[in-house]
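In order, the protein sequences belong to chains A and B.
The numbering used here puts the first residue of the first sequence at 7, with every later residue one more than the last.
The numbering used here puts the first residue of the second sequence at 55, with every later residue one more than the last.
Careful, some of the hints might be misleading.
Quick partial rundown of chain B residues pointing at chain A, CB under 7 Å, derived from the structure [said to hold, decoys possible]: (1) N265; (2) I267; (3) S271; (4) G293; (5) P295; (6) P329; (7) G405; (8) S408.
Worth flagging that the hints you see were computed from the coordinates, not collected in a lab.
Glycine is no exception: its CB is placed at the ideal position from the N, C-alpha and C atoms.
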Amino acid sequence: MGYKIIRKKVLSPTVKEFEIVAPLVARRAQPGQFVVLRVDADGERIPLTIADYDRQRGTVVIIVQELGAGTKKLGRLEQGEELADFAGPMGNPTHLHNLGKVVVIGGGVGIAAIWPIVRGMKQAGNHVTTIIGAKTESLLILVDELAGYSDELVVATDDGSRGVQGFVTTALQAIIDRGQAIDQVLAVGPAIMMKTVADLTRKYNIKTIVSLNPIMVDGTGMCGACRVSVGGATRFACADGPEFDAHQVDFDLLLSRLAMYRQRERDDVEKFEHEGGCKVHE
Amino acid sequence: MSDRRKKNSMPEQSPAERRRNFAEVALGYDAETARCEAARCLQCKTSPCRQGCPVEVDIPGFILHIRNGDFAAANEDLLRYNALPAVCGRVCPQEDQCEKLCVLGKNGEPVAIGRLERFAADYARENLPPAPVANVVRPDAPRVAIVGSGPAGVTAAGELAKMGYRVTVFEALHMPGGVLMYGIPEFRLPKAIVQHEIGALRAMGVEIVSNAIVGKSITVDELMNEEGYQAVFIGTGAGLPYFMGIPGENANGVFSANEFLTRSNLMQAWRADSPTPIFVGRRSAVVGGGNVAMDAARTAVRLGAEEVFLVYRRSRQEMPARHEEIDHALEEGVIFRTLTNPTAVRVDDRGWVSGLECVEMELGEPDESGRRRPVVKPGSEHFLPVDSVIMAIGQGPNPLVQSTTPNLRVNRWNNIWTDENGMTSRPGVFAGGDVVTGAATVILAMGAGKRAAQAIDRYLREQK
Chain A
7 MGYKIIRKKV LSPTVKEFEI VAPLVARRAQ PGQFVVLRVD ADGERIPLTI
57 ADYDRQRGTV VIIVQELGAG TKKLGRLEQG EELADFAGPM GNPTHLHNLG
107 KVVVIGGGVG IAAIWPIVRG MKQAGNHVTT IIGAKTESLL ILVDELAGYS
157 DELVVATDDG SRGVQGFVTT ALQAIIDRGQ AIDQVLAVGP AIMMKTVADL
207 TRKYNIKTIV SLNPIMVDGT GMCGACRVSV GGATRFACAD GPEFDAHQVD
257 FDLLLSRLAM YRQRERDDVE KFEHEGGCKV HE
Chain B
55 MSDRRKKNSM PEQSPAERRR NFAEVALGYD AETARCEAAR CLQCKTSPCR
105 QGCPVEVDIP GFILHIRNGD FAAANEDLLR YNALPAVCGR VCPQEDQCEK
155 LCVLGKNGEP VAIGRLERFA ADYARENLPP APVANVVRPD APRVAIVGSG
205 PAGVTAAGEL AKMGYRVTVF EALHMPGGVL MYGIPEFRLP KAIVQHEIGA
255 LRAMGVEIVS NAIVGKSITV DELMNEEGYQ AVFIGTGAGL PYFMGIPGEN
305 ANGVFSANEF LTRSNLMQAW RADSPTPIFV GRRSAVVGGG NVAMDAARTA
355 VRLGAEEVFL VYRRSRQEMP ARHEEIDHAL EEGVIFRTLT NPTAVRVDDR
405 GWVSGLECVE MELGEPDESG RRRPVVKPGS EHFLPVDSVI MAIGQGPNPL
455 VQSTTPNLRV NRWNNIWTDE NGMTSRPGVF AGGDVVTGAA TVILAMGAGK
505 RAAQAIDRYL REQK
């Protein structure tokens, strides 16, 4: 009764792509939405952005960065194995229509999330500038795919190993400075990256959408763990979002709430690495 | 034996013991005690108790079987009316239903109908070979989709399968059972019992699809127009948590009761080896006075909080919780701060809760609910230092189906409107349980599921 992995691709040592058989998710999946999965019957519920989908094949593609114990366990699964649970699509889709000139920004594993958005934005007739950023070149993913649907692709790495040295905001600032008109920015990535993007575009009064990634349990609006403050009102990211007007989001609250279980997460990773390490030697 | 005017008492784990574990609190009657209790029943011809039961269980009938020692027959009798007797015997508010109308209650305590129901169901599950379940589903029968696998959905599914319909239950979470799995704690309703009852449903030929979020994965219209379901029953419950809207409520350490209980129950955070984190701290405050508040407070005790406060704006008398839950919470050391209302959550410089700003309340004139309205006592502001706050002030209907089903009439709280037969404003689409009535009880939802199943049957016959 599981959800079969029909394809696995190692994008980097810690970033893996999986294509999963999940017809009930694929039939209505759209860019900007997410799934909640469980690796095994005792596993935690892990929310992950939908990176792609194929309605005919009934499959959904997810890209996972191994951070916590749960995602590390997921990353070790191989083609042919099954996930215990895979539910979705959750959240509201990205509004994909012709806005004119858009800049789509993906940071880290957020690059996976922007892939269907960039494609959709291009297909909707937009002029698309895509900025992707990562710590270092080996963590960059989907570069060719994104280049294929972008009018311009700008790469930024913290260490300068590829493209501009600096953050995605360094690249965005350069685009603003050269006088390019921007009708909308859409950014997906770590909360701190989205916050700095929002701070930058606020100065220039550029409409900006971000996709928030708070802690979630069910993903269907039932627990309120994912509550965020937008324009002073409490919203549930899973049901009301995940995309919101970046200039209305209280990012400090988001960052604080994301850190709620940080110590526990570190302990779990340590435990998993220890146990996982032993397994490797068997 | 004991005083005939009193119920036979049911053994329980001692408060000191059960504060430290998640095993069931109430241990159930043994066969001898059950027969003694059954002998208290007067077998009234008019059986007023039945009128208090939303599914009209033949109460004197099953009790008579217990008195005669025919426990299998008692269980079969129960199952004819109630698909989940082991659940209802544990979680029904009997004092407001069947037992309230028991003649013995006029001059003493009523018959312990709930305890006897539980006994019969537990006895059968533990001692008898599983009753051969008849799968009478007809391969050419009309198909009915049930949205949600909580008490309403499960009951509707069971009734329809008994009539021969092909039934599929769609559940959004990874385990079927709805609130019985995510909401009610293990120490009050062991999850193995819920899954046993769900297993019986499968044996009857009901198909259960987990991880299927109706409104997201598939819509009601798609179920009817593309997937070939001739009728749909919506039993999606009241799972949308309410918050108070006071300052500081989004601080770390403030949880909805739904989140807190889902982590502990469905995600099994109560087990030391669970990958799901849960936080309670040294001191915890639960806001509310219903069964959910009691469940949350008692869970917080078991997770190791040294002091758990139950903050409720009315007095103990107005608490909507079952009496037994209130008693159990008090026995387990939950500290009741009644006639107290939070006005703000105080937040420390790391973004975590440091306590609740509260005011004391007084009871004024009765409000629409007939309960006396609490009003703020001037000059009563005070501070309750706590590490976590659990909001258990009620839940609204889950919104996903309403927002994705055109022309589905709802009221201003987003509860689905139905006619007296449980049919919504959309022909062939029925609804029942908390999503219609607002948050209520397991048995009321089951009653609604049962009535809707009968209405669906009539509707499908008329369609032919």
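Hints numbered earlier in the text: which of these fail when held up against the supplied structure? Hint 8 alone not satisfied by this model.
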